[in-house]
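Peer 1: Single-letter residue listing:
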Amino acid sequence: MWWHSVGLKAFYDQWRGTVGLAVAVAAYAGLIMGIFPSISGIADLREIFDRLPEAMRVLFAPGGVDITTPEGFVATEFFSIIGPLLFFAYTIALGSSATAGEEERGTIDVLMSTPISRGRVVLEKFVSLAVGTVLIGAALLAGLAAGALAGGVDLRLDGIAAIIASAVLLGLLFGALALFVGALTGRRTLSIGVAFGIAIASYLVYSLSDLVDLIKPLRPLSAFTYYIGDSPLLNGLQPLSVAVLAVTTVILLGLALLAFERRDLRV
Amino acid sequence: MALSGLDLDVTRGEVFGYLGPNGAGKTTTIRILLDLIRPSAGAAFLFGLDSRRDGLRIRRRVGYLPGELSIYGNLTGREFLRYLASLRGGVDWAYVDRLAERFAAELRPRIGTLSHGNRQKLGLLQAFMHRPELLVLDEPTVGLDPLMQQEFYALIAEVRQAGQTVFLSSHVIPEVERTCDRVAILRGGQLLTVERITSLKARAIRHIEIRFGSDVPADAFASLPGIREVHVDGPLVRAAVIGSIDALVKAAARFEVVEITSQEPSLEELFLTYYEAAPPGGDPDVVA
Numbered sequence: 001m002w003w004h005s006v007g008l009k010a011f012y013d014q015w016r017g018t019v020g021l022a023v024a025v026a027a028y029a030g031l032i033m034g035i036f037p038s039i040s041g042i043a044d045l046r047e048i049f050d051r052l053p054e055a056m057r058v059l060f061a062p063g064g065v066d067i068t069t070p071e072g073f074v075a076t077e078f079f080s081i082i083g084p085l086l087f088f089a090y091t092i093a094l095g096s097s098a099t100a101g102e103e104e105r106g107t108i109d110v111l112m113s114t115p116i117s118r119g120r121v122v123l124e125k126f127v128s129l130a131v132g133t134v135l136i137g138a139a140l141l142a143g144l145a146a147g148a149l150a151g152g153v154d155l156r157l158d159g160i161a162a163i164i165a166s167a168v169l170l171g172l173l174f175g176a177l178a179l180f181v182g183a184l185t186g187r188r189t190l191s192i193g194v195a196f197g198i199a200i201a202s203y204l205v206y207s208l209s210d211l212v213d214l215i216k217p218l219r220p221l222s223a224f225t226y227y228i229g230d231s232p233l234l235n236g237l238q239p240l241s242v243a244v245l246a247v248t249t250v251i252l253l254g255l256a257l258l259a260f261e262r263r264d265l266r267v
Numbered sequence: 001m002a003l004s005g006l007d008l009d010v011t012r013g014e015v016f017g018y019l020g021p022n023g024a025g026k027t028t029t030i031r032i033l034l035d036l037i038r039p040s041a042g043a044a045f046l047f048g049l050d051s052r053r054d055g056l057r058i059r060r061r062v063g064y065l066p067g068e069l070s071i072y073g074n075l076t077g078r079e080f081l082r083y084l085a086s087l088r089g090g091v092d093w094a095y096v097d098r099l100a101e102r103f104a105a106e107l108r109p110r111i112g113t114l115s116h117g118n119r120q121k122l123g124l125l126q127a128f129m130h131r132p133e134l135l136v137l138d139e140p141t142v143g144l145d146p147l148m149q150q151e152f153y154a155l156i157a158e159v160r161q162a163g164q165t166v167f168l169s170s171h172v173i174p175e176v177e178r179t180c181d182r183v184a185i186l187r188g189g190q191l192l193t194v195e196r197i198t199s200l201k202a203r204a205i206r207h208i209e210i211r212f213g214s215d216v217p218a219d220a221f222a223s224l225p226g227i228r229e230v231h232v233d234g235p236l237v238r239a240a241v242i243g244s245i246d247a248l249v250k251a252a253a254r255f256e257v258v259e260i261t262s263q264e265p266s267l268e269e270l271f272l273t274y275y276e277a278a279p280p281g282g283d284p285d286v287v288a
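Line order of the protein sequences matches chains A and B. Note that my numbering gives residue 208 to position 208 of the first sequence, counting from 1, and the numbers run on in steps of one. Note that my numbering gives residue 134 to position 134 of the second sequence, counting from 1, and the numbers run on in steps of one.
Among the hints, a few may not be true.
Which stretches of chain A does chain B cover? Using the computed rule of at least three CB atoms under 8 Å from a CB of chain B, they are [what the hints assert, rightly or not]:
| id | region |
| --- | --- |
| 1 | 17-28 |
| 2 | 96-107 |
| 3 | 113-123 |
Don't read these hints as lab results, they were simulated from the structure. All C-beta atoms, glycine included, are put in the ideal place defined by N, C-alpha and C.
Can you build the whole structure from these sequences, using the hints too?
Peer 2: Below you can see the structure in the form of structure tokens.
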């Protein structure tokens, strides 16, 4: 009964994309786990990796993980770039179209002529986005577990679950950012640009801060610092990092509510 | 469009026309009423409630048809109505089905595949389906074929009978003449006047062309009441008449009439009559 609320309709509109992405992510993750035994069979992998320039090592294996362990391998192959990128691409796409998409398509005026508050539209759309993100996280966990099982790899699932949860939080943060820019301006492409730009900048600041001293002071500003900086894969979720990601998301959501409530709609 | 000094009172149970050319500020006014945009100064009250503070309570009691309707192309008509009905807390589906039948609305195909006119019908259905106390309709007949326009006028008459109030914006004089009790005339963001439809009819300038069976005398239609201008050209008479065309028709009846055609009265000419009425010295010959 998708038509019962704004949030359910938002989910109905996004479910094909969500399922598609979840399946693709799970398959890709399963594949990575499936090929791990043959990769780790290369005796000199560690040595080859250590011989890489430091710049490449920190880019691909953040947090100094050991890529010859299955956890380290997934962290390098997936959770350094591709994983977070998939999460925030999904949340930014949904967040930017949440209100700004309806404004650009011109469907907002009939919607807002019903007795639904603007704040409720923002909140329900965000909840729908969050549910989709969690589903993708769950699919990813299932894919990795299935791949490990098929390849006979002994994978520590608690660490994997922790880093996936961290990636979900990172995704929600950038989704909330996109939602906020869209709610503030009513412009979808601007919202995508700003959120994506900040996400990429955040990645670069985090991964280059190990190499470039000039960037090091910026490190606390990068969302990636809180996503992967204290290696949730090895250490589990750290309350402080979780809190920073979650509180920032809530603040952005609050700003989105305020901005959307006060503005003339672009009808 | 900036609005200034706009002061309007619409009475419960009346059909109120909001007449003005495109760009006069009609849509801006309506968007303020629905709290889609906010006035930089001033306030709007519906049912005695503030449009900003009590927006939700107002919108519960209003049905709205936007001037430029865009609806979710991926939904079918019925899905679209079902969604809006849910957000409104439910509607009487028997009534919706009756309306759909009346307007021959297509509820099965995806909205993206519908013609402009068929989408407009869905827009009308969603505005009327919960039997709101107030209907705010922005250029409702644009895109409807003539038959459906007639059906729409009949529906307006019915909801008026049922005690619902209608606020209808239009840039077409006959539509307002036909449906409304009173009319506000807007131009350049300013209210020109509010008056009863009967006085609007008395003011509107009609261009009548009469073709006769043979030449008529050049002075046959001079000095008739209400005639603003008349050209006699052999068997063809072109006249601009203000208000009733009764005198002209009766004068024409003395000759053999082949054809009478009447043009839709133009808004611009109507405006001129208001400006003339105010300070003296306007050019009485309004026809170019």
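Peer 1: Determine for every hint whether it applies to the structure shown.
Peer 2: Quick rundown of the hints versus the structure:
1. Counting residues of the region 17-28 of chain A whose beta carbon lies closer than 8 Å to any beta carbon of chain B gives 0, which falls short of the minimum of three for the stated coverage.
2. Under a criterion of three residues with beta carbons nearer than 8 Å to beta carbons of chain B, the stated coverage of the region 96-107 of chain A is upheld, 3 such residues being counted.
3. Three residues within the 8 Å Cβ limit are the bar, and the region 113-123 of chain A against chain B gives 5, so the coverage statement holds.
In this structure, only the earlier hint numbered 1 is contradicted, and the remaining ones agree with it.
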